[in-house]
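Got two chains here, each in a separate frame; can you build the complex from them with the hints?
Taken in sequence, the protein lines are chains A and B.
Under our numbering, the first sequence has 59 at position 64, and the numbering climbs by one with no breaks.
Under our numbering, the second sequence has 144 at position 147, and the numbering climbs by one with no breaks.
Bear in mind the hints are in silico, worked out from the structure with no lab data behind them.
A virtual CB, placed ideally from N, CA and C, is assigned to each residue, including glycine.
Keep in mind that a hint or two might mislead.
Derived pair list, reagent style EDC-like, types lysine to aspartate or glutamate, alpha-carbon separation capped at 16 Å [as the list claims (entries may be wrong)]: (1) A/Lys18 / B/Glu109; (2) A/Lys18 / B/Glu2; (3) A/Lys59 / A/Glu45.
Cβ-Cβ distance ranges computed for the label pairs, FRET-style [unchecked claim]: (4) A/Ala31 / B/Lys80: 44 to 50 Å; (5) A/Leu23 / B/Glu78: 37 to 43 Å; (6) A/Glu(-2) / B/His18: 25 to 31 Å; (7) B/Asp77 / A/Asp(-3): 42 to 48 Å; (8) A/Ser88 / B/Gly116: 17 to 23 Å; (9) B/His49 / A/Gln35: 44 to 50 Å; (10) B/Gly110 / A/Ala86: 21 to 27 Å; (11) A/Asn24 / B/Lys40: 40 to 46 Å; (12) B/Lys0 / A/Lys91: 31 to 37 Å.
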Amino acid sequence: MDEVFKALADASRRSLLDRLHAKNGQTLNELCDGLAMTRQAVTKHLAILEAANLVTTFRHGREKLHYLNPVPIHQIGERWIKKFERGKLTALSELKKQLEKRDE
Amino acid sequence: MSKPEFVYTTYIETSAEKLWHALTDGDFTERYWFGHRVASDWKVGSPYRFTHPERPSPKGKVLISDPPRKLAYTWEACSDELKHERISRVTFDLEPRGNIVKLTVRHDNLDEGGKTFLGISEGWPMVLASLKSILETGRPLPSDLKSSSQKEETHA
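Isolated chain B, as found in the complex (with noise of 0.2 Å):
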């Protein structure tokens, strides 16, 4: 196994059934993952897509589906122009603490500097963070990708 280029971590008050569901439910996905939704069996060897009306969506291949506490997938190019770049992987481990789920998410087998990998070190810290917000407060935290109809929301 190579090192992964890239380890991310964060702590949210819930728990790790909760946070499965909203790794893996499409209608969860679509409120904090920016608009995009995912759907699988999650079964190994499945595959899975995440789909956006507006803009290019990762897929791939379902590798370790262990609920609630390790999912693994490939990382397929969202778009044509990424088409030549490697297919990558990311992990999700959820570590149950208390009242408190550990989650770190890896993404490896990237070509470092390429776009996939440029994307992703500005996607994930965005994405984890919403996902923290929504788990905790019930909302997402607001993005300019989200529809400018969507009424803005303030943090306390």
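Isolated chain A (complex conformation) (with noise of 0.2 Å):
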């Protein structure tokens, strides 16, 4: 668990995590491109995450796709929210939602 949270206490790490959020499944080349990272950076993050099990790479013909892989942050979430709490949370982070959508 300790590599989960060091892997994720990175904002270049997490909008990383956020690229494959939008869009599963891409190449080194596509999560490189309109990056203001170096291709090396990227491919040392995306190491680090590979390594924490945040991300999973699969082999589809000649290219090694990067999929977002959530189970260890699943099981934080089911370490310390309790099962009668998840309704509320979910209720919470959906009236957050919408009234930050109104301030825009």
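In structure tokens, the structure reads:
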């Protein structure tokens, strides 16, 4: 679990996860596209995310595709969120989303 | 082969045989798959079906059955409202590494943005986290879907 928190404690790595959340199954080239990060830096960050099992890779033909793997995040959530709280939390995060949308 | 829409990985402290049993035995799936029981003879070409007393469950056909390494099946609509969606495919790869098994679950041939697609993106992480928990600790993860009479468990 330490590895997961360490991997998440970096804005660049979180933005890579955001990109995979928006579009799953990307190649390194696709992930680098439009990012203000060197290819080398992206490779390094991806290795850390993969070691924490937050990103999983799959070979499709000649391409290596990267997928967001939310299983460890789910385990963290389940550790501290009691079953009766989840409904309330969903409602609250929905409310926050709706209210913030109005401010845009 | 189209590229898979989802690929999930989890590392579970167990044996490939136990993990295979956990994926294919109805008594076992009922405990961690939030009440869904699976049944099949797990021969290639045979049907399989999940059942749940209150909720719609997936069903399909066994495509690959290579115990305890690889299992694949088709995934058909859980409910009438999903009937028009494509029949998708789930593949489980079990790779033993010492006292740990790397489980990779691939789901492909999905209608992107469809209801099944959205359901799955929430469902698999929950099922896999629960599967890991039951095999390693003997307890599944607590769930909203479980009956409220069930005792709440603490997770250390």
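Each hint tested on the structure:
no., hint, in the structure
1, A/Lys18 / B/Glu109, "holds (11 Å)"
2, A/Lys18 / B/Glu2, "holds (9 Å)"
3, A/Lys59 / A/Glu45, "holds (13 Å)"
4, A/Ala31 / B/Lys80: 44 to 50 Å, "holds (46 Å)"
5, A/Leu23 / B/Glu78: 37 to 43 Å, "holds (38 Å)"
6, A/Glu(-2) / B/His18: 25 to 31 Å, "holds (29 Å)"
7, B/Asp77 / A/Asp(-3): 42 to 48 Å, "holds (46 Å)"
8, A/Ser88 / B/Gly116: 17 to 23 Å, "holds (19 Å)"
9, B/His49 / A/Gln35: 44 to 50 Å, "holds (49 Å)"
10, B/Gly110 / A/Ala86: 21 to 27 Å, "holds (24 Å)"
11, A/Asn24 / B/Lys40: 40 to 46 Å, "holds (42 Å)"
12, B/Lys0 / A/Lys91: 31 to 37 Å, "holds (34 Å)"
Checked against the numbered hints above, the structure violates none of them.
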